[in-house]
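S.K.: When you get a sec, could you build the whole thing from the sequences and use the hints?
Chains as they are written, first to last, in this note's numbering: chain X, 1 to 291; chain V, 1001 to 1291; chain F, 2001 to 2291; chain B, 3001 to 3291.
Simulated from the structure, these hints should not be mistaken for laboratory data.
Treat the hints with care, since some could be wrong.
In the DSBU-like style, the derived pairs of lysine-lysine whose C-alpha atoms are separated by at most 35 Å in a straight line are [what the hints assert, rightly or not]: (1) F/K2004 - B/K3236; (2) F/K2236 - B/K3236; (3) V/K1236 - F/K2236; (4) B/K3197 - V/K1197; (5) F/K2004 - F/K2197; (6) F/K2197 - B/K3197; (7) X/K236 - F/K2236.
Here's the letter readout for the chains.
Protein chains: 4
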Amino acid sequence: MPDKFADLRHGLAVANRILAHEGVIDAFGHVSVRHPDDPGRYFLSRSRSPELVEPGDILEFDLDSQPVAPPIVQLYAERVIHGEIYKARPDVVAVCHHHAAAVMPFCISGDPIVPVFHLGAAMGALAPFWDSREEFGDTNLLVVKPAEGASLARALGRHSIVLMRRHGATVVGLSLRELVFRAIYSCDNARYLSEAKRLGNFSPLTPGEIEMAQAIYQLPNAQSRAWEYWETRLAKRGGMPARLTEVAAAPHLSVPRLRGRVREGAARPAKTAAKKIAARKPVRPKGGKRK
Amino acid sequence: MPDKFADLRHGLAVANRILAHEGVIDAFGHVSVRHPDDPGRYFLSRSRSPELVEPGDILEFDLDSQPVAPPIVQLYAERVIHGEIYKARPDVVAVCHHHAAAVMPFCISGDPIVPVFHLGAAMGALAPFWDSREEFGDTNLLVVKPAEGASLARALGRHSIVLMRRHGATVVGLSLRELVFRAIYSCDNARYLSEAKRLGNFSPLTPGEIEMAQAIYQLPNAQSRAWEYWETRLAKRGGMPARLTEVAAAPHLSVPRLRGRVREGAARPAKTAAKKIAARKPVRPKGGKRK
Amino acid sequence: MPDKFADLRHGLAVANRILAHEGVIDAFGHVSVRHPDDPGRYFLSRSRSPELVEPGDILEFDLDSQPVAPPIVQLYAERVIHGEIYKARPDVVAVCHHHAAAVMPFCISGDPIVPVFHLGAAMGALAPFWDSREEFGDTNLLVVKPAEGASLARALGRHSIVLMRRHGATVVGLSLRELVFRAIYSCDNARYLSEAKRLGNFSPLTPGEIEMAQAIYQLPNAQSRAWEYWETRLAKRGGMPARLTEVAAAPHLSVPRLRGRVREGAARPAKTAAKKIAARKPVRPKGGKRK
Amino acid sequence: MPDKFADLRHGLAVANRILAHEGVIDAFGHVSVRHPDDPGRYFLSRSRSPELVEPGDILEFDLDSQPVAPPIVQLYAERVIHGEIYKARPDVVAVCHHHAAAVMPFCISGDPIVPVFHLGAAMGALAPFWDSREEFGDTNLLVVKPAEGASLARALGRHSIVLMRRHGATVVGLSLRELVFRAIYSCDNARYLSEAKRLGNFSPLTPGEIEMAQAIYQLPNAQSRAWEYWETRLAKRGGMPARLTEVAAAPHLSVPRLRGRVREGAARPAKTAAKKIAARKPVRPKGGKRK
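M.R.: So this is what it looks like as structure tokens:
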């Protein structure tokens, strides 16, 4: 089964796992990338913790965040975050929504995050603060309705990261690698800022410094160097996803394990698994509160 | 030896190990689940660090926390925490007592823990604070007498988590998975709250937000997703317990290693081990101060 | 070569490695145990990071901290800490000197450490603070002269742990397991205290609580349970020392690697190594500033 | 291909990896050593994350930071830090530039770092603070021009570590081992200082203590002990670099992986790789902003 997007799916799975391995995302959070040929579509995993995402989990969505093919798996409830941002920001190629420990205290206290070191400039000069309560009143804080996603996208505006009150953050990039770089170094920036505030006085980078330092991570060399580092660390811990071609004969590997039990023995024969998939009732997304 | 409760024992061992692996429990702490067919009984490991619990360590207790079969092993001294809560709260299906680093500063300072982010709502609106000294004066702070357990259960009331002064916390769930979810995310919540307080102002979720956000983790999809994540992380580190059926021929695996020495060679033949078990004098619990 | 103390040497090596693995000691620090038959002697490793100590590294010293057999290896410069405490405290069976990250801020600020949770009571009611400058003026802060060790032992008095100004802490125990338990939980206590102080008010355990809670870790069950936990964690990470009998044919394994290079290939034949040992000039300790 | 500097290259690769493994450097940062026979030259890796540096990545530079042989690989943009310090400080044998989490809050707040415990004295009495803005105005904060490197070297003066405003730190040593020791323990010192400041009062070591305690890490025994510890920890995690002789038949191992993809299969035959190297256009450094 030749897949035109095999490399893209693999790269997106790697990005998911790098962000989990470097402490940006945990059980929840998600990462997407825009379709390279069709700006009206994007790729995102089925509902699964980013650390576990396999290339075979990656599905295609339109900008209304509806899956292009009828899904047989659960979908992220918050995928409108991705679709609405891709609509509002034609320049954006990749999106990550996370609840990193580094940013949560800022999301809770409302304290602003500003860039305080050269690599922290990757976040840009400013992280807008979005409070869902202003427009939508009390909610469960998840972003599941298109209107909520659109509101978040408006708050993001032309910036690169938006903080979400008592919820987390959403980061965008002009490429998948830029996104990963920005997500990781904006977390480092938040950690250092939090410590520096307690030590004493501090002031952010100047506008001139921000502009010039922002260009650092856009140098191909800086991005390659950092990506090689994160990818090697992930690989050393046995965390790299399998290539889709390697599991072509075992499609059940991408089937959700609804029992939540880690298979300890040999994988079941593909035929049995395929039968089970066929027998499973398709789940059609209705914009509900699944997450 | 077919065991009707083999899956339950395995699941409880996995829950013990997940909570250890995610930093909720260390050498001490314990996790139980109510008997699925008999609400007057519950399952709990023999006295052993949760990270090491095997399915074969799981014993059955009545609600007075007496073992149903005469034990040949040491028991947790604090098991009345479980029995008294199961008595007072017929809705509760699982209980965890822990001393997580995330909550200890709150247990020591008396500062309240309140939900400050969407997943933190899993703790509910409020964590009552129980001070054993009010009713029992100076003790060793352990909860070993039925009256102490009953007092703690009263303090818990209809809530989901109770803080224990200079000791730790006890968390309950309507299922084992809900318990694990709540225990982990209430620790994250405490960490973020502690940091947010130092950054500046903060306020908890509104009552409406708490109610709606509490429903998130009760969605089967959210629980499956998180459970798959925690279980896979545990499995990757080689932390999954063996299936009981796999050790059926080696019952000595569940015998306490009183010498405290890790067996480095091959396991001794089951026959020898079985003889040793037979020769060992049963230890009958008397509600003493063993922990 | 039958060794009457093979178990003791192995146990002491395990205690060294547990304390390193649990974050109490790093490159520096050391752990000793008194001779079981001769109270005028004690066992301590040659100068080596505790995480690397092998049973074959353990040497015998008199209470003046002179090695019983002429050593061919480097010795800890600070071994007088051990000898002088064993002289002053006939009840003490094991001693650990460390610079744990958890206690250093207290050693630097002079802020007192008091027990604030049940397991923290293992440290006792009070940790005296020893300032070498009061008696000895400016030094390099190491405790290398017998008079310095004796002064530290006087400061320790009847207590279980003594803080050393801008240096670290020294902990004692009535057994090796008690020592390990106390060293680990007094570090946890310091961490929680530090956090609780920042959250708000706090008060230590009452004298009655301390006395009763101190008895917890002296229960054989509590110690076995914790020891099994720490040892299993160490073993899972491949950290257990080899049994001396297993390396009897390879005595060079305990020879210091003065080149500081990890042997990646097969060990050299014992004969060659033995010749090298024979050819090496013995180093006789003179109480100098080696550490 | 006999290499007179095989041991030096391997040692420098190990130093790079130890500093990464102990948390001093991450994706960025670099470590160099002066040429043992020619004080007008130094060795430094090609542009690559220190954790990944192989002996074959180490190149030779003159003190103007120009590579001695035309490079076919990317170079660190900030290598002038090394060259200018080697020019200004004939005593210096090794240099490390890093952005360790432990020092960043001080680099951001401008709070001074002073030695507060015996091993912390390795940093010396004082860490000067260099603010690139004073001489160069707004920049991207990287040190890429010779004039910037020379300014930093002037700020360093006769000291052992210089803090760089909103950027990081640069540490020097009279040997590679001294450098590693100083870099690691000055980070520990910063962490303890930060915590101690929040607990309450603190004061640095006295000048006499600093002078005497500084001599500790210069004792061969202390350095060997610490180096053996760090190297063994690295080796246990599978982090040691291969010996160059072992990869002599596979020169492509030192070729930059511009695709940033971890090779999962077998290495390609050396012949093919060699052809690719030959076909690649040499990149001549021009002092640009590559990092």
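S.K.: Determine which of the earlier numbered hints do not hold for this structure and return their numbers in increasing order.
M.R.: Result: hint 5 breaks, nothing else.
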